[in-house]
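Q: Take a look at the letters that make up each chain.
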Amino acid sequence: MTKLIKIDPVEARQTSFIEGPRLPVNAYVANPQREAEIYGPATLVRMYRDMVYIREFETALDRLKKEGAYQGLEYNHRGPAHLSIGQEASAVGQAYHLTPDDFIFGSHRSHGEILAKCFSAIAQLSDETLTQTMERYLEGAPLRVVEQFAGGTVKDVAVDYILYGTLAEIFGRENGFNKGMGGSMHAFFAPFGVMPNNAIVGGSADIAVGSALFKRINRRPGIVIANIGDASTGCGPVWEAMMVAAMDQYRTLWPKEIGGNPPILFNFVDNFYGMGGQPQGETMGFGVLARIGLGVNPEAMHAERIDGLNPLAVADAIARKRKILEAGRGPVLLDTITYRFSGHSPSDASAYRDRDEIDAWSQHDSLVTFRAYLEENGHASAQALEAIQAKAVERMVAVLQAASSLEISPRVDGRGEAIGRMMFANTFKDHMAEGEPVVLLPKEQTRLNVTFAKHRFGLDANGQPLPKLRTLTYAEALFEAMIHRFYEDPTMVAYGEENRDWGGAFGVYRGLTEALPYHRLFNTSISEGAIVGTAVGYALSGGRVVAELMYSDFMGRAGDEIFNQMAKWQAMSANVLSMPLVLRVSVGAKYGAQHSQDWTSLVAHIPGLQVMFPATPYDAKGMLNLALRGTDPVVFFESQRLYSEPEILVEGGVPVDYYEVPLGEPVVRRSGQDVTLVTIGATLYRALAAADELAEKYGLSCEVIDTRFINPLNYEPIIASVKKTGKIVLASDACERGSFLHTMASNISQIAFDDLDGPVAIVGARNWITPPAELEEAFFPQKEWIIDTLHERILPLPNHQVSTVQTADEILRRNRWGV
Amino acid sequence: MATAVVMPRQGNTVERCLIAAWKKEKGDTVTAGDILCEIETDKAMMEVEAPASGMVLDLFFQAGEEVPVLTTIAVIGRPGEDVTPFRPNGTADHDESETAPTTSPNPPILATGSGGSTAPTPRLKISPRARRLADTAGLDLTGVQGSGPGGRVMERDVQAVLTARVIDRPAQTASQAPPLHPTSVPTGAPVDEVEIAPVKGMRKLIADRMLASLQTTAQLTLHASADARRLQAYRQRLKQSAAGLGLQPMTVTDLVLFGVSRLLRQHPQLNALFSGNTLAQYKNVHLAVAVDTPRGLMVPVIRNAHTLSLSQIAAESKRLAAACRDGTIAPVDLNGGTFTVSNLGGLGVESFTPVLNPPQVAVLGVCNINLKPVERDGGVEFVPQLGLSLTFNHQVVDGAPAARFLQTVCQGLADFELLLAL
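Heads up: the protein sequence lines correspond to chains A and B, in order. Position in the first sequence counted from 1, then plus 24, gives you my numbering. Position in the second sequence counted from 1, then plus 1, gives you my numbering.
Okay, chain A solo, but in the shape it has when bound (with noise of 0.2 Å):
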């Protein structure tokens, strides 16, 4: 779709074979002397400590899931603990060359690697970066903490803090990095380039491309690591994350100084087993791991198996990759070979593998093999090495002590707002970072010149339509908007399937091929997940982005990463993070089941979302204007039916220069005194018909209200109207069962109970599949239905024939039936 690259026939019916690069396993050959000269004794001593701190870490939450108590000291911990006993290795190796600026995104099984990388860190950075920063993190309260028992240089308190403040997490303590929020599953510290560790199996990877892609275009330094287990091979969400970090277009199509593909190392930590099945030999066919990168690109993704359990070749392997990554050859894939000995978690009876198969691990434990190697090449004394151990288990008991104790560190208060607070940061920022934005024309130069000579209202002084094409149309507003928004942020990006050339599959995006460089408006693999996994790592990274499902129904392609990634890393960040994602999902019309579904309740009922759906094109420029400055992330719905209709409600039509709708509110779309009908989207138009022929033959005055917003929404405005009319009907195109809709009625009818004239009704899309276009009349709420409700259930007009059976018998048949 690009034009750029043309598909030669005769190339295309070519006989040839394919052929792949040959991908070592194993290739590290250790060399103490060389090693020595590269790392020097201190550093590798230091790497051992790290290994003992990060062994002593898990074995003291071993020890309390499993006896209640270490040293002695007695807590119990309610939540999980997935344990990386003995992957430390792989950790430690991997942070080494790992600086701030690089980053980190993990599992449910990342303690290891949040220590390791942090203890990185620290080694790297000066005492007063590090005194900063401690001071600065949540206004110093950890810090405050660890003084109390901390002693030592700079550098020594700051691994007490990461020990404390990752411990605190995963005792759900407001001291904790995230104040509790993300528990053990979730600690990360962004600090220090330790990002969001994720408990969805598989879920970092396309948050990581996100991240990378943010790294890439912002031209920001550092790569990118995923750290996931072997067993997230099998999940859709990685291969959508390894499709769209090896697209051509990086190199083909972007400009050069880009920098070519974005620094993304898949890291497959590789103990072997998922909870207790095993990939390699059982549930998966790749037989090694790092095959599945012949599948990718020509390259193989650069893949290797590296040995895991020995940290200076994984150092190694990291030092390497690196090169590639930052010359823009990624991906890269690492299958990084290790050996859990702890189980799965500590419910875990380890039924699925023998002793002796761990047994036989255990003689090749890093912690005793790189103790020897230590020993034997002269870097460190037998006691040197003890006392490392003995410190280690000492800084633990004082960090559990700290972490264990409410007095010293509470929970937050969950009985208050406190976490209510953190699901939303509602600040509003014109740009994510300083900057020229990077486009191709002046603005004045763009489409803005067409859409801004047009109508803006579409209908004329007598009420008369003006011609479609020269009046400014929904579709046209949604540019608008999202040009502005690119010429004021330089880190926003736009993507999605079709994007550019096409404009979307709807025009919405018609003229900005012309206005902006690859790199800010592309098309991406129809990859739904990552499509919406990516956008949530390049928000958290701090870059503004819009991503695009083309349909509403292909939200469930994309649902862990909308419902459990996009709607949860604020409040689990402790509002360290911020989700400026504004997620475009088009609501379909004509096309049948697959196409047709109005699936808003189904983001309403996930915390953690914004959820708009304009039905004018005022609005549809004035709500994407509002979500496009906004730092939480949104599910911005449009419809199909409207994207080609003019604004023909608010006076005045959509306005040249830039407004907003206030967040949350809903609009009156008409006044009136005896019935209100209450709509989400373009029902609303029906619910206007509705009104007019209530007024014609009934001589009813509706009072008809467009929410607009879903989430939030304030009710006043409606709950106003009902003390009013005493009588309501809501009406949306999502299916009736489980619709935002009965949401709504309970609440209105709990607020405003004595005002009600009968009771609060609700018309949604019948239970059913859509049926094809010239049947969506039966499906989806039209004018005849809302005013045979109306009827039916709360004002019977006056020798009214009703088209439709909206009885409350037929709500009970229909249940009964399940449709």
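Hints may contain errors.
Derived pair list, reagent style DSS-like, types lysine-lysine, alpha-carbon separation capped at 25 Å [stated by the list, open to error]:
| no. | chain 1 | residue 1 | chain 2 | residue 2 |
| --- | --- | --- | --- | --- |
| 1 | B | K126 | A | K748 |
| 2 | A | K492 | A | K347 |
| 3 | A | K27 | A | K280 |
| 4 | A | K492 | A | K478 |
| 5 | A | K467 | A | K478 |
| 6 | B | K205 | A | K747 |
What follows is a list of derived Cβ distance ranges for each label pair [to be verified]:
| no. | chain 1 | residue 1 | chain 2 | residue 2 | range |
| --- | --- | --- | --- | --- | --- |
| 7 | A | W792 | B | R124 | 27 to 37 Å |
| 8 | A | E717 | B | V200 | 13 to 23 Å |
| 9 | B | G277 | A | W792 | 25 to 35 Å |
| 10 | B | V200 | A | A442 | 40 to 50 Å |
Simulated from the structure, these hints should not be mistaken for lab results. Since we're looking at a predicted model, the values are computed, not measured. Ideal Cβ placement from N, Cα and C applies to all residues, glycine included.
Got chain A sorted already, so can you dock chain B onto it with the hints?
A: Positioned in the frame of chain A, the structure of chain B alone reads:
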């Protein structure tokens, strides 16, 4: 154990009764069967007997109060027994137990209660908004017909009652609250010229029913007159008939009732009840007769009038009217009419628009007999004519069939003896 005295239920439609007078006082000793008090419904006066012997331990309501049926109104027992458990909620003494096994005094909601032996009355269906409006206005909703789905009382129904009340409200009351229609309310009437009385009991019911009738049906009245010469002659003959025949004098109403009882059988669409969704046409004729009593209009029913002879109809009519006037009419005699006859002719009314008694679909008003000029053999002759006014519900009865029925009645009465063959 003390015994509760419960306000008895009077048929299915009565929801509350007025305590007209207590015949016993607190502390009196009574024997089972003694009259405790007199109560008045919208339809009749009745007495409540003591259900047990003992001392009247407490009376929970005063004479003049309206009490929901099945509510405990008094307690009989041994001196010193605790009456608290019997006390209905909301009556005096606020420290009573919450477990009082009585019904709430809030009448429309509660259908069953302490009596336990009776069938539940239909629950009043009303929207929260309408209830609040009614409560604010102190409006008793008994008898108000709901216009919402399933007969739910909606705000507009309450407003209609209130509007009517404001229009009729005497000046003094109206000046206390801003009237809905200020211009329709006379102002400035001196206080001492007005006697304020609560509208309740039977009057209240009549008020509500009349309003509901006019608001919820499409009433139309046709006027016609019947040659009354043979009617008058027949009455004369009855008066003068041999004593041995045992015939009593009869009123014009009696004769009209007889005629209607026979002719209605050929016009079943007028001998019908309309419920909004269904029209029940009756084969049997149950004639309701409007009776003027000191407490207001009552409408007892002559059951199966089409099977009764003229004499039997006259006797039944007389019996029912007397029972209404002295307050001894049984509730059962006030229900089940399928067609009503109302006579204002005795008061010189020449024509009127009788108000329907829903769910009935027609009512025949009988007017006075006037001499009217009739052309005969090229000259004018004055003939006594009986005025008849037929109101019918145009929702279910069209004009032509109603007119045909009225015409038939006129023809039948004009040739009265022929009706005796029917």
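Q: Hint by hint, say whether it matches the structure.
A: Going down the list of hints, with the structure as the test:
no., hint, in the structure
1, B:K126 x A:K748, "holds (21 Å)"
2, A:K492 x A:K347, "violated (55 Å)"
3, A:K27 x A:K280, "holds (18 Å)"
4, A:K492 x A:K478, "holds (10 Å)"
5, A:K467 x A:K478, "holds (17 Å)"
6, B:K205 x A:K747, "violated (30 Å)"
7, A:W792 x B:R124: 27 to 37 Å, "holds (36 Å)"
8, A:E717 x B:V200: 13 to 23 Å, "violated (41 Å)"
9, B:G277 x A:W792: 25 to 35 Å, "holds (33 Å)"
10, B:V200 x A:A442: 40 to 50 Å, "violated (59 Å)"
Violated hints for the displayed structure, listed by number in ascending order: 2, 6, 8 and 10.
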